[in-house]
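Colleague: Here the protein sequences line up with chains A and B, keeping their order. First residue of the first sequence: 1, per our numbering; consecutive thereafter. First residue of the second sequence: 1, per our numbering; consecutive thereafter.
Since no wrong hints were added, every one of them can be taken at face value.
Stretches of chain B that chain A covers, calculated by requiring three or more beta carbons in the stretch to come under 8 Å of a beta carbon on chain A:
#1 81-91
#2 128-136
#3 140-147
#4 384-392
If you are wondering where the hints come from, they were derived from the structure by calculation, not from laboratory data. No residue lacks a Cβ here, since even glycine has one placed at the ideal position from N, Cα and C.
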Amino acid sequence: MTATDQLHRAPRTDGALTRARRRPLGPIAILLFVVFIGVLIWTARPEDYTTLSIDNATEDGTRAVAQILRGQGVDVRQTATLSGARIADPASTTLVIADGEMLVDYQIEAIADYPGDLVLIRPGQALLDGLDTDLSVRASLDAGAQAARCDDPDATAAESVATLDSVLVGGERSGAVVCFPNADGGGAFAVLDGERRVSVLASWPIVTNEHLDAYGHAALSLRTLGRHESVVWYVGDVFDASTLTWEGSGGDGETPPSEVEANPDFLPPGTGPVLFVLGLTVAVAALWRARRFGRLVREPLPVEVRASEATRGRARLYRRARASGRAAAAMRARAALRMGRRLGLPRTSDRAATVAAIAHAARRDPRDVDRILYGEPPTSDGQLMSIIDELDTLEREVQRP
Amino acid sequence: MYITGWTVLLAALGAVPAAVIHERSFAWLWVLGVLVLACLDALIAPSARAVGVRRTPPGSVRLTESTAVVLEVVNLGSRRVRGAVRDAWQPSTGAVADRHRLRLRGGETARLRTVMVPTRRGDLHADLVTVRSEGPLRLAGCQRSIEAPATLRVLPEFASRKHLPSRLARLREIDGQTAVQLKGAGSEFDSLRDYVIGDDVRSIDWRATARRAEVMVKTYRPERDRRVMIVLDTSRLSAARVGDAPRLDASIEGTLLLTALATKAGDRVQVTAFDRVERARAIGATGPAVMPQLADALATATPALVEPDWPAVARLVQSRLSQRALVVLLTTLDPSAVDGGLLDTVAAITSKHAVLVASVDDPELAELEAARGDAHDHYAAAAAARTAIEQDAIAARVRELGAEVLTALPDHLAPAVADRYLALKASGRL
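Working from the sequences, and respecting the hints, build out all of it.
Modeller: Rendered as structure tokens:
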């Protein structure tokens with residue numbers, strides 16, 4: 001069979017199963033790895049880093065207090081939107097409004113209408129005014145521990161807490177009991193008892209994971225939050241435009257029509273899943289493009305160096321060494337050779353003969369030519385450049401017909 | 001296994017139901033479903049192993065000329081194979097459209113042509129032939145690569161052949177075919193013919209005229225059957241790039257033109273490419289076989305990064321040549337060549353033969369020497385001047401040894417060598 005007729009076929013390789021049976025370690029390791037990653041993805045919940053959120057396990061979260069409350073049999077539930085609160089029985093529910101700065105007027109009004117007990121953690125001034133508490137928030141200048149100094153049972157049970165971040169100052173009309181006052185008169189905690197109980201915790205860090213175990217923080221937090229069998233926890237969110245809902249609140253928590261856009265989800269419904277499908281499609285497209293149609297072909301490349309590389313290197317050496325003398329000597333010798341050849345001088349002609357012939361051809365003073373061609377070596381770049389300039393001029397004069 | 005663009009399209013189509021269903025898990029299910037479908041498609045696709053390939057030897061092509069290689073694809077199975085074939089070659093073959101659609105019923109054969117415009121001289125090799133066989137849904141298929149070696153020999157370009165007609169005309173001038181019939185060195189007696197007006201009266205052969213009634217003139221032709229040996233230096237310095245190509249390429253052009261010319265002139269030419277060992281040789285061919293043999297031999301000559309062994313060159317020349325010949329050394333006049341023994345070699349060869357040393361000039365050196373910008377330019381000019389002086393000195397020493405020296409820019413080297421050959425021939429110094 002000649003080479004022309006030879007039929008080439010793909011080599012018979014073992015199937016994937018045969019290979020896997022012979023060397024099972026690799027496939028098993030890959031499988032375990034995939035399962036491991038799969039389990040991780042399956043079990044992973046999105047991490048929550050919102051300040052005061054009960055799912056936040058970091059320093060400024062409140063997961064600790066929520067877990068203790070749950071351990072005590074209190075049903076703690078966090079809602080992402082006010083409309084999602086849907087409090088069934090306000091009488092047996094504590095509504096926690098954490099981070100009240102973000103709330104807007106109509107949301108505050110709805111909260112003011114809420115009949116059940118309220119706990120305000122880190123309230124904004126607007127919220128306090130909206131609830132007509134006549135309390136004002138000030139920055140705390142003294143972070144030390146303060147004794148209760150009031151007759152609220154929760155506060156006295158806690159004995160002392162720190163006035164961290166901010167404090168409350170009661171106004172003239174205020175019926176609030178301000179507890180744990182520091183030297184400036186601002187208190188960490190205030191209670192407004194009436195038809196409903198409104199507890200205000202201005203020194204909010206005391207409920208966080210970081211500070212819960214200090215002083216009487218845990219006692220105050222647990223007593224305040226655990227008065228009823230269920231707690232609905234809401235953390236202020238700028239993107240939440242809905243209003244509070246409870247049994248008998250009337251309305252479904254939708255924002256009033258005065259708002260331009262009722263639904264923050266301004267994209268058409270289903271945009272998320274569609275984008276998700278398209279994202280997965282990109283991954284499939286990557287699979288499509290990643291599979292090569294045969295391997296890359298090697299090209300044995302030749303070594304290529306510019307022939308003038310050595311000369312350029314020599315130029316750099318001259319420059320670095322400031323060898324203007326050597327450079328000028330080369331230029332002079334080259335110019336003399338070239339002019340000599342043009343004038344028909346033999347290569348071996350001596351200095352006097354060369355100078356005389358060139359001076360005659362250029363109609364110049366021989367001494368001048370001698371200075372240009374055989375003068376003192378230059379000592380600086382400037383002198384070198386002027387010598388080369390003179391050589392160029394001389395050569396042009398010699399070449400002139 | 002591979003997937004096609006249809007799989008991607010199908011996955012993207014999942015966006016339509018996703019817009020209605022509003023479920024993220026649906027997206028996962030859809031895409032996984034599409035992938036499973038593609039896997040099934042690949043499983044039931046006809047095996048790519050059922051396809052065999054057969055090569056037609058591609059032969060050789062001159063550099064920059066276009067050629068096509070043929071690949072026969074045979075479906076050895078009974079199922080119909082649909083898919084694609086890639087006939088992969090080295091990138092320098094310039095094979096752009098090397099992918100072909102494939103549609104073969106059982107037992108059928110297809111001939112696929114891949115057009116190539118090689119961009120490099122030498123032996124260019126084929127890589128694997130890759131066969132893709134599509135499943136019935138066209139979503140995916142299986143892929144196999146087949147080893148099917150082949151080599152395409154790319155011959156030197158011989159761009160200097162455009163100089164050949166004018167040099168041949170000059171050759172004929174020396175030759176008796178023209179009116180110039182002076183006997184002189186480098187020509188030998190050819191024949192007698194009748195005198196026609198315009199012939200030089202000095203070439204009248206009176207003895208022949210006396211024998212016959214007509215006036216006869218002698219005609220001459222250049223000496224024939226001289227020996228010419230061309231030595232290409234493929235060592236370190238021949239790798240240096242001058243303009244766009246290595247020095248060696250200019251030397252090869254010179255070799256080709258000189259060989260074509262000298263063969264036409266009736267001389268016997270042998271060529272060797274040498275650095276430390278002989279890399280290529282063209283010897284012994286006559287007539288029309290000379291040029292193909294030479295082009296074939298020089299196709300694979302590449303510069304080697306070694307110092308040339310000049311004494312070995314001298315020995316080689318002396319062993320190959322028994323009678324007086326013209327030895328053309330295509331090398332580089334460089335101070336390092338002198339250290340390596342170039343001068344001794346030239347001296348050794350000159351004692352028995354005529355020697356022509358040809359070297360490629362670098363146009364960049366002239367540019368450097370003429371540059372007058374900042375201080376760096378001036379130093380570069382001085383460095384270039386120094387290099388030129390050194391080369392001059394070496395050329396002078398080679399001339400002193402009795403050899404001819406020729407330096408030319410890459411494009412001018414081949415005609416310059418040819419001209420020098422003609423000059424030597426006309427003066428009878430071969």
